[in-house]
Amino acid sequence: MKILIVDDFSTMRRIIKNLLRDLGFTNTVEADDGTTALPILQAGSIDFLVTDWNMPGMTGIELLRAVRADEKLKSIPVLMVTAEAKRDQIISAAQAGVNGYVVKPFTAVALKEKIEKIFERIDSVK
Amino acid sequence: MSNTLRPDLGEFEHLVKDGAVDLLAHIESGDFSGAIKIIQELSEARHTSFYNEVGTLTRSLHDAIRDFQVDSLNLVEDDGTSDDASRMTDASDRLTYVIEMTNSAANKTMDMVDSSVPVASELKAQAKSLRKDWGRLIQRDLTPQEFRNLYKRIDTFLEYADDSATTLHSNLNTILLEQGYQDLTGQVITRVNDLIRDVEEKLVHLVAVAGRVDSISGIEHKESESEHDDTRGYGPAINKQDSPEVLNNQDEVDDLLSSLGF
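Just so you know, the protein sequences line up as chains A and B, in that order. Using numbering that gives the first Met the number 0, the first residue of the first sequence is number 0, and each one after it goes up by one. Using numbering that gives the first Met the number 0, the first residue of the second sequence is number 0, and each one after it goes up by one.
Hints in this document: simulated from the structure, not taken from any laboratory. Some hints could be false.
What the hints assert, rightly or not - Calculated lysine-lysine pairs in the DSSO-like style (CA-CA distance at most 27 angstroms, straight line): (1) Lys1/A - Lys85/A; (2) Lys111/A - Lys107/B; (3) Lys103/A - Lys85/A; (4) Lys16/A - Lys123/B; (5) Lys103/A - Lys107/B; (6) Lys1/A - Lys111/A; (7) Lys16/A - Lys151/B; (8) Lys71/A - Lys1/A; (9) Lys73/A - Lys1/A; (10) Lys111/A - Lys151/B; (11) Lys103/A - Lys16/A; (12) Lys123/B - Lys151/B; (13) Lys16/B - Lys36/B; (14) Lys16/A - Lys71/A; (15) Lys107/B - Lys123/B.
Only chain B is shown next, with the shape it has when bound in the complex (with noise of 0.2 angstroms):
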């Protein structure tokens, strides 16, 4: 373990060992006083080498934290007075500005699709309906009152049709243009996976430096293990391929349910 220290705590273990050296010393010849004295040194030693790693560590969790910036998109005014707490909640707005264009998107989508189902359904209709006697007309069975009728219709009919087509043609492009909700979220979300990744590397490692200096100091941590409540549900799973336990998808899931007499 000791050659993976850090150049400040493999010192202080240098320190260690000498001062235990000389502690001996000091004690083999009777200088009580002597002897105190380095127990303090090292005490010392000890307190200062934790606190200057803890410091560094701050520091660069502090930086990371500054660094998350997306110029373009700030959602929280940075006067450059704000402290790291609210830099996570700026994290946390631009989640939350993800879900409410996400959301904004699909009700969009979902009003376009609204209003071309009926447009769509009424096509339908009416083109049905003129095919029925058109096809009389080649068969040369319309009176010539149903057929001044059809006439009218026909025309009619290429009026809507045309509208129609404009309204579905419009509404087509506003659902494509939508869509642009995911270029403008994936750079957030990548801003905001990119801070997550930052802030995970230096807490492992300050847990590491925490670790060694825990085992130096002779400091135990009971683990506690929290367990999950099952109703409270896990969300969409990802990576789904890699877990046994989560099914693929509907056909496994009428597999499961079918063989539980379902």
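One chain only, chain A, in its complex shape (with noise of 0.2 angstroms):
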């Protein structure tokens, strides 16, 4: 399992790394915005997207779409972790195939719980 974490501050990325690390996800790579973060997704052997919303260059909203767009990506669980909190942008993400939604400041009970809630509905699918 190898997750993306995407995020433009680095103390961010790091908070998220380590709480993955203590759920047992020890893979992750890093991107500080979409436009970083595409190619690394498009390279392939990314399982998992985390991503915050508000980035200069590519936001994750915009990474989100370009993700659902791609016949190659398409099918990668995306947890957005982000200080948005506006019902218009939620239902959004929503509507753009968000598989999670996790508002900061957040708990790492919160994130485990969606992140185990995501894989609980992959499975189901399967």
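Starting from two chains that each stand alone, build the complex the way the hints lay out.
Okay, here's the thing in structure tokens:
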């Protein structure tokens, strides 16, 4: 299981990376916005995407839409971890096909719960 | 509206009223060159009062920016020749300093956590294994060889516990001290905040005066509204309770998503 963490703040990437490691996901890569994340995704081998919304260059919602529009990438589960908490934004993320939405500031428990829920759903579809 | 005018603009208004009466009198008496002279005087008075007002405001804006100094935390060399633009840059530099400082504090804190977690895990693992054999000792279930082994392991463990407690104590202290960023960045942000309030207050005043002069001179401006691009995001919500459009916590987000079939 290889996870790509996309956030423009290195401290937030580090927090998420550490929490993921505690959950047993030790194989992670990082990118600082959608523009740098897409080539990593297109190179293959990424199984799960955790992304922020508000980033310079390509934002998280644009990245999500790009992933869903790409035949090769569209089945990758996407978890949004963001400070954006407007009703309309969450609805557009859901419409764009997000698999989970965690608002910052978040707890380790919330992150764990959302990730587990996403995997449960994927397993039940299989 | 006229009673809210500043004295010099009120004076200008009187001048316009008196001038109009004079103008009419000159026209009625057929003295057109006198009439033109009054029009010119009025026009000059209009310019003068507007530029006076703008001048006053420009000076107070300049003063507000110049007053913005945090001597103990000066990040930009001030040789006294810098202009207003570079003082604004100074405010921006200070905010960059806040980002750098919070970034460094967060990283140092996480470094300390990273170096503490394995120590705590090792302590736990050793204690767990010792406790098992200690239980067997109480039950008198150990062979003499196992007892000698346990004896040695307890000695090693106590030494390790002593050392790790020292390490953890020092890491916790470092974490504590790193929180000092809050004080320093708080001071910088308070200063920048004061500047923004000051500048805003003066700009609002400038806009108000410009509006009054506009109404006297008959200039109209078209309002242009810029729409926010939703994909760019809004950043963390402040005063969430005041806005029904913003969700307050993860539970509300989960409720919304489940109502959408998630």
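Here is how each hint holds up against the structure:
1. Under the criterion of a C-alpha separation no larger than 27 angstroms, the hint pairing lysine 1/A with lysine 85/A is inconsistent with the structure, at around 30 angstroms.
2. With a C-alpha separation of about 25 angstroms, the suggested pair lysine 111/A and lysine 107/B falls inside the 27 angstroms cut-off, and the hint holds.
3. The suggested pairing of lysine 103/A with lysine 85/A holds, with an alpha-carbon distance near 12 angstroms, which does not exceed 27 angstroms.
4. At most 27 angstroms may separate the alpha-carbon atoms for a hinted pair to count; lysine 16/A and lysine 123/B meet this at roughly 23 angstroms.
5. Simply put, lysine 103/A and lysine 107/B have alpha-carbon atoms about 21 angstroms apart, close enough for the 27 angstroms limit, and the pair holds.
6. The suggested pairing of lysine 1/A with lysine 111/A holds, with an alpha-carbon distance near 16 angstroms, which does not exceed 27 angstroms.
7. Taking the CA atoms of lysine 16/A and lysine 151/B, the gap is near 39 angstroms; set against the 27 angstroms cutoff, the hint is violated.
8. Pair hint lysine 71/A plus lysine 1/A holds up; C-alpha atoms about 16 angstroms apart against a cutoff of 27 angstroms.
9. For a cut-off of 27 angstroms, the pair hint linking lysine 73/A to lysine 1/A stands: about 16 angstroms separates their Cα positions.
10. Taken as a hint, the lysine 111/A and lysine 151/B pair is broken in the structure, with Cα atoms around 41 angstroms apart against an allowance of 27 angstroms.
11. For the given pair, lysine 103/A sits about 15 angstroms from lysine 16/A by alpha-carbon distance, which is consistent with the 27 angstroms threshold.
12. Taking the CA atoms of lysine 123/B and lysine 151/B, the gap is about 18 angstroms. The hint holds against a cut of 27 angstroms.
13. Between lysine 16/B and lysine 36/B the alpha-carbon distance is near 16 angstroms, which keeps this suggested pair within the 27 angstroms criterion.
14. About 25 angstroms separates the Cα atoms of lysine 16/A and lysine 71/A, which keeps this hinted pair within 27 angstroms; it holds.
15. Annotation: proposed proximity of lysine 107/B to lysine 123/B holds, straight-line Cα distance about 25 angstroms (limit 27 angstroms).
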